Amino acid sequence: STRLSTRHQWYVAGFYKLKLQRFDWSWRCMYQQQVQDIYSSDFGYIPETVIRNKFTVKYKAAYYPWYRFTPYIAYEAYYKTDNNDKFGSGFNRSRTFIGIFYAFNKKTEIEFYEMYEHHFNTNFPPRNFVTGIGFSVNF
Numbered sequence: 037s038t039r040l041s042t043r044h045q046w047y048v049a050g051f052y053k054l055k056l057q058r059f060d061w062s063w064r065c066m067y068q069q070q071v072q073d074i075y076s077s078d079f080g081y082i083p084e085t086v087i088r089n090k091f092t093v094k095y096k097a098a099y100y101p102w103y104r105f106t107p108y109i110a111y112e113a114y115y116k117t118d119n120n121d122k123f124g125s126g127f128n129r130s131r132t133f134i135g136i137f138y139a140f141n142k143k144t145e146i147e148f149y150e151m152y153e154h155h156f157n158t159n160f161p162p163r164n165f166v167t168g169i170g171f172s173v174n175f
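Counting the sequence shown from 1 gives a position; our numbering is that position plus 36.
Hint data in this document are derived by calculation from the structure and do not stem from the laboratory.
The structure displayed is predicted, hence computed values, not measured ones.
Accuracy of the hints is not assured; some may be wrong.
Calculated lysine-lysine pairs in the DSSO-like style (CA-CA distance at most 27 Å, straight line) [unchecked claim]:
(1) Lys55 <-> Lys96
(2) Lys90 <-> Lys55
(3) Lys142 <-> Lys94
Hey, can you work out the whole structure from these sequences and the hints?
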């Protein structure tokens, strides 16, 4: 059977970026809270709180036509801070990314990536393989 699930979330994030020669290093730390199925489950009103840390390394090529391509790798770890289930607080999910950006010009780019997501410290942990595409325009 199919059912609709409603989620509400908010977050605040901080970033640190460092450029070393052709490499761009970045770290994002995000504090996130989410409630799910507020009126249709016993625990829907209790927020799930996680701290997400993502580390990314991008490589900037120097010469034409390769300077339009920016390959990257990234790793993100989820740390659950609440104690709402039998597993308690601790790391419960990780994501590993590999991808590439292609810049059409200074304002427009497209991204292709593969992501592997692994859940742990949970009942029946899923493993997800995601292929993604993104398009962005900066104003």
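Taking the earlier hints as the rules, which of them does this structure contradict?
none
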